[in-house]
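Here the protein sequences come in this chain order: Z, X, F and S. The UniProt record's numbering numbers the first residue of the first sequence as 1 and each following residue consecutively. The UniProt record's numbering numbers the first residue of the second sequence as 1 and each following residue consecutively. The UniProt record's numbering numbers the first residue of the third sequence as 1 and each following residue consecutively. The UniProt record's numbering numbers the first residue of the fourth sequence as 1 and each following residue consecutively.
None of these hints come from the bench; they were simulated from the model. Every residue gets a Cβ at the ideal spot worked out from N, C-alpha and C, and that includes glycine. Be careful, since some hints might not be right.
Unchecked claim - Just the calculated beta-carbon pair ranges, DEER-fashion:
| hint | chain 1 | residue 1 | chain 2 | residue 2 | range |
| --- | --- | --- | --- | --- | --- |
| 1 | S | 203 | X | 56 | 24 to 30 Å |
| 2 | Z | 41 | X | 299 | 34 to 40 Å |
| 3 | F | 204 | X | 77 | 34 to 40 Å |
| 4 | Z | 118 | S | 219 | 51 to 57 Å |
| 5 | F | 170 | X | 41 | 41 to 47 Å |
| 6 | Z | 333 | S | 39 | 49 to 55 Å |
| 7 | X | 77 | F | 136 | 52 to 58 Å |
| 8 | F | 43 | S | 333 | 22 to 28 Å |
As the list claims (entries may be wrong) - For the chain F half of the interface with chain S, some residues (derived, Cβ under 7 Å), not all of them:
| hint | residue |
| --- | --- |
| 9 | 18 |
| 10 | 22 |
| 11 | 47 |
| 12 | 49 |
| 13 | 51 |
| 14 | 53 |
| 15 | 78 |
| 16 | 231 |
| 17 | 232 |
| 18 | 268 |
| 19 | 271 |
| 20 | 274 |
| 21 | 339 |
| 22 | 343 |
| 23 | 346 |
Said to hold, decoys possible - Output of the computed footprint for chain Z on chain X, the stretches with three or more beta carbons under 8 Å from beta carbons of chain Z:
| hint | region |
| --- | --- |
| 24 | 46-52 |
| 25 | 88-98 |
What follows is the residue order along each chain.
There are 4 protein chains.
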Amino acid sequence: MTESYAASVVGASGFTGGELLRLLYGHPNVDVVQATSRSYENKTVGSVHPNLRGMDLRFSDPDDLESVDVLFACTPHGVSMERIDSFREAAGTVVDLSADFRLDTEAEYDEWYDGHDRPELLADAEYALPELNRENLPGAELIASGGCNATAAILGLKPLFDADVLSGGERIVVDVKVGSSEGGAGGGEASSHPERSGVVRPYAPTGHRHEAEIEAFLGTGVSFSAHAVDMTRGASATCHVYPDDPVSTGDLWTAYRGSYAEEPFVRIVSGGSGVYRYPEPKAVAGSNHAEVGFELDPRNGRIVVFSAIDNMMKGSAGQAVHAANVALGLEETAGLEFAGLHPVGAP
Amino acid sequence: MTESYAASVVGASGFTGGELLRLLYGHPNVDVVQATSRSYENKTVGSVHPNLRGMDLRFSDPDDLESVDVLFACTPHGVSMERIDSFREAAGTVVDLSADFRLDTEAEYDEWYDGHDRPELLADAEYALPELNRENLPGAELIASGGCNATAAILGLKPLFDADVLSGGERIVVDVKVGSSEGGAGGGEASSHPERSGVVRPYAPTGHRHEAEIEAFLGTGVSFSAHAVDMTRGASATCHVYPDDPVSTGDLWTAYRGSYAEEPFVRIVSGGSGVYRYPEPKAVAGSNHAEVGFELDPRNGRIVVFSAIDNMMKGSAGQAVHAANVALGLEETAGLEFAGLHPVGAP
Amino acid sequence: MTESYAASVVGASGFTGGELLRLLYGHPNVDVVQATSRSYENKTVGSVHPNLRGMDLRFSDPDDLESVDVLFACTPHGVSMERIDSFREAAGTVVDLSADFRLDTEAEYDEWYDGHDRPELLADAEYALPELNRENLPGAELIASGGCNATAAILGLKPLFDADVLSGGERIVVDVKVGSSEGGAGGGEASSHPERSGVVRPYAPTGHRHEAEIEAFLGTGVSFSAHAVDMTRGASATCHVYPDDPVSTGDLWTAYRGSYAEEPFVRIVSGGSGVYRYPEPKAVAGSNHAEVGFELDPRNGRIVVFSAIDNMMKGSAGQAVHAANVALGLEETAGLEFAGLHPVGAP
Amino acid sequence: MTESYAASVVGASGFTGGELLRLLYGHPNVDVVQATSRSYENKTVGSVHPNLRGMDLRFSDPDDLESVDVLFACTPHGVSMERIDSFREAAGTVVDLSADFRLDTEAEYDEWYDGHDRPELLADAEYALPELNRENLPGAELIASGGCNATAAILGLKPLFDADVLSGGERIVVDVKVGSSEGGAGGGEASSHPERSGVVRPYAPTGHRHEAEIEAFLGTGVSFSAHAVDMTRGASATCHVYPDDPVSTGDLWTAYRGSYAEEPFVRIVSGGSGVYRYPEPKAVAGSNHAEVGFELDPRNGRIVVFSAIDNMMKGSAGQAVHAANVALGLEETAGLEFAGLHPVGAP
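With the rest of the complex left out, here is chain Z (with noise of 0.2 Å):
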């Protein structure tokens, strides 16, 4: 007989919590029990989630919180620092997919941040990424779900740390391009069709807050600067470094298939024939794989690392999931099959 958990999602009219509804919903062990909304209570989830018109559910008020196995918080940052203790009275799993709990320490926030409620929780939550955390994540009772940006990052940089090919000291560059879908629902006028289609535009060019995590989890500082390009989903990390000692394309692929060979959701794409060569947000659309891959550049002494992930995947409801899968003792790709499509255009 399969397990069943109850689920819910708190602040499920976003992007975030749409996804996360569109999975619950697929997933063999999960029924989805509530879905809350302060702005759409009453309505169906499809009514604002056009491809949930389908799902028999309508958003109820998030102060009146149902008992469940696993609870999902998808409120703005800030929101669940406030709310955590309802959140785990409500549920023995709270996956947090803000930036609240994403930090160590009261120290590292509030360099990034502004002022934590709750810092006496920072070190209880678990970081969700499971190719960096799988083995606290059985059992954990708070997770906090990584940033996109981060997660891309981490992921392409991780391999290079486990195998030495870089110590920590090195600078590195990290030049990321990001859909729209990064920016949330509603939109104001950067974020308006007029303006934000066909764009290459550099924002927070220098200081984003996802260097803290990036930081936090590979243990060296970053040279971070995002760029918004024309997709909605998608977040694709360019990492440039430069190894003290020199490195073969051979020691590269040892590397990342050390990090990532048994991973079910990392594949490494380098070179080959055919249109997809290295790593594409396309080609992980609506899937929760990550693409990671890497080109030596023996003229610079540099070497080029690519990740892709879909932001709203991989980089939150997908990893979300997936802690929580590890969390509960369930497959770890239960309701995470869906292979993405192609062709798929500006996904």
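Chain Z is fixed; fit chains X, F and S onto it per the hints.
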């Protein structure tokens, strides 16, 4: 115990073939045992379809077909009629996704195409669309999957005939907007990105062959015109009709509910609040759903009918799997559960 | 010596206002002396319109109008009728780009809009479209620039009436596809990039107000429906008409050449070879040209008419400058020589 | 009296050739007397470039060159070096838009390309970029127009060298995002709309030939990587540099103003309010302007430099006309006054 059927895809390196592989790979009752491609023989299916990089299957020689329960033919128009005997020898159920067997008579075929090699088979082939032809599909040995534009138009207009709002003599304008995947993989100058992006480009503005299918299955001619627009997947048909007798919006709801209330893959979308008030290809991208809707124009005595599908799914590969499910006696929705994405860009 | 006229743009921070500033800035006979904006007072025009970063002009208070020769009003519908006296006091020629003065009678206005403050002025205003109304523009004091969709439809259909192919009693379907700039700057959720990109979205499928203009200037009603598609600029109208008497393709060429052979801004595009065989918004992006074309559908007794404009140019700002040129006795093409770009994406 | 020069465009059916025709057609001092194309001989230029439908000119035989003042060669790499004698015989000033004459020495050329037919001419050719090489252009007989990516990178970085912020030994990462027109007309599978739309696709991630130009003209090597993104026109370079000595934002403003305050085609864009705070290709689409900007990253000791151009304009055809203007002693901005559009989609 779950039944399991062996399936093969002939012409699997094209867009439709890739979509079929994706669907069949995730189908609970189907094992894909062969995917043929002359150009890519021995390459992995993932080398052409990046979303299938995890699938352990290589393209094989199309002249060496294995025995299977169901064979899907994704070859260019004209190939299936040549190879139909070998297809039927290899499989008890053949689903042809080309135009070769869609029309019923040689006369109809000759009017729109150039001579049929096997006209005696035309009458035996069943049109795939289950919403139109469900009762004839169980046990069918030769199934002709419909054209994407025809499917969109037929699904939009059918309820008006079912409910006698239209009787067949009226003029019907079908104005269609389609994505670039309809042109298939490869492409020439007109479908190159610089020329094709951002277009509203009339093509085949008159005399489009899908008129034939619509006429054959609705029993009335239509004035059909297609436009290329900037999306990869999707077909949207806007039909403008003028009924002889006045109807009310209530009559239209009755008509559409009468035809589709029990259909697992058709949603009626008309009016309401929010962003998505009428059928849109975005809302069904990647899924096998069709959306249909309508609006009454009392000033002009007109009904405007909207329908939207993913041309790769309900318009080809999804429709084919749906029909095969009915033919084989499987759950109709098996392998077709994917709900689509929100948000999604230009899918 | 070159004549020079002083011009002002009221409501200059919107898309249409910015386009007017661009055109007037490059106009050999016009000096821009004022650009008003309540929201951006004292900011440079380049701070809102990045293409105008080199223009030495700041937004000023709309309540403090300078005396000029020609004033272009780009205010929202309803504002011009309130402020028309101050506009006319400030300028001998007022070109209004809103819908306030497009219709001829209060009765027409009331049927489509909500009460007019100054109905007595309706009969005095001249409709801007020179192809329709050139003879009445010289010396005009109040000019009403047409709606973009109406302009596209009128230009496409007019030759059929000029040449008596249509007489006015026939049913005419006008199926329009438009870009996101039509919604103006700012935007809400429906025009946010994640929701708006990749769409084929019906809006105002019946009862669109531009029907009123088309009816007023063609003398016959039309069945109008608009769809948002993925481009920023552009409006494309496909008209489906059924003449009572049969016509030949030669008749159509005669009709269209008869109406447009001498027009500096109308190109007839129909058939031929290459990628661009019918009118396309891409081909006129940024330019004041309209493309019109047609195809005969003998099977259905139908003529399909295509027309394409840049909604910001021929559909608003370009049309306004063209009309002002005629009104002031200048060269018609002055300031409107830009040819458009090739290739261009989703302009 | 206005001077007038006769001009021809060799290889005029490609994207760059069409852009040159557009510019020269509107140039006050130039008459286009010949446009050659072997494939389209005798067809009108408007049959290939739809924006030029009004231009009374047909493609002619490239082997039958007329005598002109200035000849623009838009032939594929390798053709100009073969045909250079006939070009120079036909015209006193030859502007070559291929890579054939960009580098100064045979040794440099051989390192990046495959053998030069006329290496003795390399030293005579002047690099077109006026911001770099204005003083050598007047009277030049052979001008090599620069590569688009190299132009973007050089314009962004040059002020840092001019002002001694960088000295040449530092590592410089140049991460470039480009549109699909860079691949030229025609296209293959990778540039077909379904595969190319919505991408962030690394290509030539290392060893890109534009590194050679950047190195030649900045005097230092760079680590260059390019990504295809979803626009048709545009190249955007983000350069990440780490100066040895600390600098302030004020120092950077001084450096950039020092290099560009008098330049007619370079805008410094950094910070401020509104939607467009840094350089963006959209803001210069169709125009010959470059935007450059910067941001200081004190945490990482980094300067991030942004530059954006239209690859068809400042990156090729516009730069070529600009250089020809200087060579012929004309007003630098003649024929290059177009300001660009706002809004504009994916230009």
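Hints, one by one, checked against the model:
1. S:203 x X:56: 24 to 30 Å: 29 Å, holds
2. Z:41 x X:299: 34 to 40 Å: About 37 Å separates the Cβ atoms of residue 41 (chain Z) and residue 299 (chain X), which means 34 to 40 Å holds.
3. F:204 x X:77: 34 to 40 Å: Between residue 204 (chain F) and residue 77 (chain X), where Cβ atoms are some 38 Å apart, the hint holds.
4. Z:118 x S:219: 51 to 57 Å: With a Cβ separation near 55 Å, residue 118 (chain Z) and residue 219 (chain S) satisfy 51 to 57 Å, so the hint holds.
5. F:170 x X:41: 41 to 47 Å: 57 Å, violated
6. Z:333 x S:39: 49 to 55 Å: 52 Å, holds
7. X:77 x F:136: 52 to 58 Å: 55 Å, holds
8. F:43 x S:333: 22 to 28 Å: Given about 26 Å between the Cβ atoms, the range holds.
9. 18: Cβ of residue 18 (chain F) sits 5 Å from chain S, so the hint holds.
10. 22: With a closest approach of 5 Å, the residue 22 (chain F) hint holds.
11. 47: 5 Å, holds
12. 49: Since chain S brings a Cβ to about 5 Å from residue 49 (chain F), closer than 7 Å, the hint holds.
13. 51: Constraint on residue 51 (chain F) satisfied, holds at 4 Å.
14. 53: 5 Å, holds
15. 78: 24 Å, violated
16. 231: Given a least distance of 6 Å, the restraint on residue 231 (chain F) holds.
17. 232: The hint holds - residue 232 (chain F) has a Cβ within 7 Å of chain S, the shortest such distance being about 3 Å.
18. 268: Hint on residue 268 (chain F): violated, closest Cβ of chain S at ~10 Å, above 7 Å.
19. 271: This hint is violated: residue 271 (chain F) lies away from chain S, its Cβ roughly 12 Å from the closest one there, beyond 7 Å.
20. 274: 5 Å, holds
21. 339: Check passed: Cβ of residue 339 (chain F) comes within 5 Å of chain S, closer than 7 Å.
22. 343: For residue 343 (chain F), the interface hint holds, since the closest Cβ of chain S sits about 5 Å away, which is under 7 Å.
23. 346: 4 Å, holds
24. 46-52: Satisfied; 6 residues make the cut.
25. 88-98: Coverage by chain Z is violated here, the residue count being 0 at a Cβ distance below 8 Å.
The structure fails to meet hints 5, 15, 18, 19 and 25 from the earlier list, while all remaining hints are met.
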